[in-house]
Amino acid sequence: MAPLARRVIAAARALTTPLLPEDFVSVWRPLRSRRAPGARVVDVRRETTDATTLLLRPGTSLPVHQPGQFVGLGVQVDGVWTWRSYSITSRPGDPLLAVTVTAVPGGLVSTRLAHHTRPGTLVRISEPSGDFLLPAATPEKLLFVTAGSGITPVMGMLRTLAARNTAALDGAVHVHSDRTAADVVFGPELRTLAARTGMRLVERHTATQGRLRPDALTDLVPDWTARHTWACGPADMLDDLTDHWERVGDPTALHVERFRPPTWDDASGTGGRVTFATSGVTAEAGEGEPLMAAGEAAGALLPAGCRMGICHTCVGPLRSGAVRDLLTGDTHDTAGQPVRTCVSAPLGDVTIDL
Amino acid sequence: MRTTTGVADAHLTEEQIDALGAELDAIRASVVDDLGEADAHYIRTVVRVQRGLEAGGRTLLLFSRVPAAWVAGTAALSVAKILENMELGHNILHGQWDWMRDPDIHSTTWEWDHASPSQMWKRSHNYEHHTFTNVRGKDRDLGYAIMRVTPEQPWHPAYLLQPIYNIGLSAFFEWAIAIYDIEFDRVQEGTKTWDEAKAEMKTIWRKARTQLAKDYILFPLLSGRGAVSTLTANATAALVRNVWSHAVIFCGHFPDGVETFDEARLEGESRGQWYIRQLLGSANLTGGPLFHIMTGNLSHQIEHHLFPDVPSNRYREIAPQVQDVCRRYGLPYSSGTLPRQYGTVLRRLARLAFPGGHKRYGGSPAPVRKLRPRTGVRLPAVARRAA
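Heads up: the sequence lines are chains A and B, in that order.
Final position of the first sequence in this note's numbering is 378; the numbers increase by one with none missing.
Final position of the second sequence in this note's numbering is 455; the numbers increase by one with none missing.
Isolated chain B, as found in the complex:
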């Protein structure tokens, strides 16, 4: 039945789904049992490289009036910021490295260079997004409450502008995530109070202002006469990081070939069905080892969604096993290069800015259920006014 099993897995029996769940559990167990010194060495190396690039980049930028220093410093800082948010921050906050019991690299102690405080982000991301992945009305990451990414989302005139505000979203991605975590859409719905939202805004601001001060006041001041060029360098590094992470993250769930699900799918969902939803709701990016690290291994979005707390350096080795499972059970394994996948995302955003889109993106002849108002994706106040 489509409403409970999706489209691509409709051919599987309950027993097959259970067997698939057991196979994926076994893949997970084989990795977890094998974790050891080499993994610990890997993450410590990434920390060392990241801190080195950050310290080196910022030191170079003290002389940012020299064009070569500006370019090299900005490049180093951009890479440092990307590593910090993606291969380190995102993955450590998932608890991928908690097994080491190292208070320096642990989901409960880690704070990242991001506008969203780690505690707040962990709730919205680790719990809501990873549990309810791609379930319309439950996974707020599906369009981030401001975009129409599946035809089942009711159209609204504000979406006409989404190809344009996607550019702004990309440039200011870290801020968008922080604001998104406050869940203004829920305040509007009435499921969250203004006081709660205000308290969270304060928490974000307390953290964000220290980071703004660091990047846009203190380091520029330290650069003396190079203050302006250091400021532009820091802003560029932040922009590079935002644009890059936005592209990688949008390629995780919104390219063509990825399925979204009806809320009914969650009812009595078995472990195997949960795995299948994660498989069908995610897409990988292909590339070399360095590319994978720079995406925080979110290029293995499928493996990450199946095993969110398995250390990211292991996704590459389990990907062929997961692919093999998909092949044997006749399930799609969505994957492509970054330009190709991002291209399909942009095309989708452009098409779905307009009403309809069922024919191209509906994916199945199944009837489109009307979303219940309370769980429907609502537009935040800003978008409504724009409309």
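The following block holds chain A by itself, in its conformation from the complex:
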């Protein structure tokens, strides 16, 4: 930064202390806040009956995303800032950032975003993150296996490849499952893209054809073992695929995006008293309840991102006690060990430096 600009900023800070200049600016220009970056919904496109694409203009410049990554969107639900992560479906460098939201039955945030968002709405936005990515050098033979809203991160990849590296899609295969042809998000665009680039699109309509079993891949994509595969969809499908690749394929050639909040049905934590040492908050976590959920319910302001164990924004060092990672089932009990609070449930009393 130029020395003059730095001096101007220092002067502005001295005039607004103990607040920051942006605390004043953000009152009238909420998108300019750096502490709580925001975005304006510029346009809303209905994709299917329950999926909607939101075109966003961030107020402050976000780091450029990579295809396959997601952003967190925060909306106020009954006055409470509530965050969910959504895959970015636009290409890096596009003037607007697109996310496609599928309304989940009973989902407060997804329903509101998919069905009740008007252009002009302000949302809060987090930086792009996620490691469901294509490598820098695109592998020669690509396979995408998606189902339902699992299409979204792959759509970001396909759009980028179609614009910048069309050759990579020639000979690629995309197996996509949804209930009916009309339910396929981006259906027409996918079909056009396939025809234009030489990608083979295999649509499976589960209402009539039933669910895709990994064994079926042998018929659909005979050379699947020779391909690098990116898969995103319901947890059951991903579990099936992971098993299948582990049994008969090369597990390192399979990249999956488990894009769903973890479920705590298996109650793998015993619960306990959680002390957030830095925040000075103590919370009681129920059986299998993650540290973050318990802490937030007790009023702690904790670092949070995807809330499903993907982005590692919420990581904090364990000071004492033990936790179970609900996604991996691992137990962590070493002091100083960083744990993901959004998916770690306490095994007894726990203190964490957050």
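It is worth saying that the hints were derived from the structure and are not from the lab.
Bear in mind the structure is a predicted one, so any value in this text is a computation, not a measurement.
You may find that some hints are simply not true.
With the Cβ distance kept under 10 angstroms, some of the chain B side facing chain A (calculated, not the full set) [claimed, not checked]:
{"no.": "1", "residue": "V115"}
{"no.": "2", "residue": "S186"}
{"no.": "3", "residue": "D324"}
Only some residues are given here: those of chain A computed to face chain B with a beta carbon under 8 angstroms [unchecked claim]:
{"no.": "4", "residue": "A38"}
{"no.": "5", "residue": "F48"}
{"no.": "6", "residue": "S57"}
{"no.": "7", "residue": "A60"}
{"no.": "8", "residue": "Q100"}
{"no.": "9", "residue": "G103"}
{"no.": "10", "residue": "V104"}
{"no.": "11", "residue": "S303"}
The list that follows gives simulated cross-link-like pairs (lysine to aspartate or glutamate, DMTMM-like), each with its CA atoms no further than 25 angstroms apart [said to hold, decoys possible]:
{"no.": "12", "chain 1": "B", "residue 1": "K190", "chain 2": "B", "residue 2": "D377"}
{"no.": "13", "chain 1": "B", "residue 1": "K190", "chain 2": "A", "residue 2": "E308"}
{"no.": "14", "chain 1": "B", "residue 1": "K190", "chain 2": "B", "residue 2": "D253"}
{"no.": "15", "chain 1": "B", "residue 1": "K260", "chain 2": "B", "residue 2": "D249"}
{"no.": "16", "chain 1": "A", "residue 1": "K165", "chain 2": "A", "residue 2": "D264"}
{"no.": "17", "chain 1": "B", "residue 1": "K190", "chain 2": "A", "residue 2": "D47"}
{"no.": "18", "chain 1": "B", "residue 1": "K266", "chain 2": "B", "residue 2": "D249"}
{"no.": "19", "chain 1": "B", "residue 1": "K282", "chain 2": "A", "residue 2": "D47"}
{"no.": "20", "chain 1": "B", "residue 1": "K206", "chain 2": "B", "residue 2": "E335"}
{"no.": "21", "chain 1": "A", "residue 1": "K165", "chain 2": "A", "residue 2": "E151"}
{"no.": "22", "chain 1": "B", "residue 1": "K190", "chain 2": "A", "residue 2": "D377"}
{"no.": "23", "chain 1": "B", "residue 1": "K270", "chain 2": "B", "residue 2": "E251"}
{"no.": "24", "chain 1": "B", "residue 1": "K206", "chain 2": "B", "residue 2": "D172"}
{"no.": "25", "chain 1": "B", "residue 1": "K282", "chain 2": "A", "residue 2": "E46"}
{"no.": "26", "chain 1": "B", "residue 1": "K206", "chain 2": "B", "residue 2": "D263"}
Glycine included, each C-beta is placed from N, C-alpha and C at the ideal position.
Start from chain A and add chain B according to the hints.
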């Protein structure tokens, strides 16, 4: 027994006290369950109004040589400072708005326009004052370690001057609070080390100097030839804020009709008894909606002490319910206008500057227990020297 249940609640049985606790818990739960968009909108509006008044006031004061600009700017800045300290700062630092999970309006991120850094103040206020409210020897806010506000505090000749130094306290209230938070009385007692106090003094100074620079150097300089008039305007706004907040806060716990308690009261205190102590140890101010906002809703001191982390905009609607509980359980609910209540505070300070006062302010025929030296209210060094 008086020593454990106070005076005004001596008629209540243990079961009644538990039932009262449950009723107050229910009032709290009904509000907390109902918090939503309208509340979020309220606090955001107060933030917007406060920032607008501050920015507008300071802009007007760049032209403070024009008398009308001086008056309007000073008024806007005074109101902005009052809102900032009271309806925003005090209440946000209580965690009243933490439920929104908004990093912009949260007790862990908020810093206020006050000499006392928010972290330091939160400890002395949220924990010590709100937990041990009006317990003599435990609640340092009872007289702020320099005043005799109950006859049970042993008299000292320095108190003869308290009606006078109360005026100074009022004018420099924010500084007094900051110095008070360092707890020099505890250093003297030996329960706190000099090094700790010195470190805290440094923290305060680091924050305070930037605010002094803003109000008394930078904005005056920006006003060019109006530097002196901007300085007087800023000083006036700070004075108005100090005098106002001092008056409101002193009316919270020191008017007539408010009880103080013996340390023995804390032993095995139940939730219901805690509620009753908060009820009996606080007093409300009556007034219109704007008055309540300007007091940071500390005009609902009783409701605030019962539910310190319930958003302040809700105190008004629960006040009638709390009053009803008090009526049914035969407990006093102390309330009055600001002039009336402040009048009783000043009269009390004047009377208790002299020895005695048990007859007028003792409140009960119960014997006055001698305070143990370690927990007794001690005079800070300054007051002792003055004596």
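Open item on the list: Just to be careful: measuring from the Cβ of Q100 of chain A to every Cβ in chain B, is the smallest value less than 8 angstroms?
Closed with: holds, 6 angstroms
Open item on the list: Next pair to validate is K165 of chain A with D264 of chain A; report whether the Cα-Cα distance is within 25 angstroms.
Closed with: holds, 22 angstroms
Open item on the list: Checking one constraint from the list: CA of K206 of chain B to CA of E335 of chain B, max 25 angstroms. Satisfied?
Closed with: Holds: K206 of chain B and E335 of chain B sit about 13 angstroms apart, inside 25 angstroms.
Open item on the list: Checking hints one by one. Is V115 of chain B an interface residue toward chain A, by the C-beta closer than 10 angstroms rule?
Closed with: Interface hint status for V115 of chain B: holds (7 angstroms vs cutoff 10 angstroms).
Open item on the list: Would the hint linking K260 of chain B and D249 of chain B be met if the CA-CA limit is 25 angstroms?
Closed with: holds, 12 angstroms
TODO: Compare the distance between the alpha carbons of K190 of chain B and D377 of chain A with 25 angstroms, and conclude whether the hinted pair is satisfied.
DONE: Roughly 20 angstroms separates the two Cα atoms, so the pair holds.
- [ ] Compare the distance between the alpha carbons of K270 of chain B and E251 of chain B with 25 angstroms, and conclude whether the hinted pair is satisfied.
- [x] holds, 14 angstroms
Open item on the list: Would the hint on F48 of chain A be counted as holding, given a Cβ-Cβ threshold of 8 angstroms to chain B?
Closed with: holds, 5 angstroms
- [ ] Take the C-alpha atoms of K206 of chain B and D172 of chain B, compute the straight-line distance between them, and say whether it is at most 25 angstroms.
- [x] violated, 34 angstroms
Open item on the list: Hint check: K165 of chain A vs E151 of chain A, CA-CA at most 25 angstroms. Holds or violated?
Closed with: Not OK: K165 of chain A and E151 of chain A at ~31 angstroms, beyond 25 angstroms, violated.
Task: Hint status (Cβ of V104 of chain A to nearest Cβ of chain B, threshold 8 angstroms) - done: holds, 6 angstroms
TODO: Quickly compare the C-alpha distance for K206 of chain B and D263 of chain B to 25 angstroms and report which way the hint goes.
DONE: Roughly 23 angstroms between the alpha carbons, so the hint for K206 of chain B and D263 of chain B holds.
Consistency note: the structure conflicts with the earlier hints numbered 3, 21 and 24.
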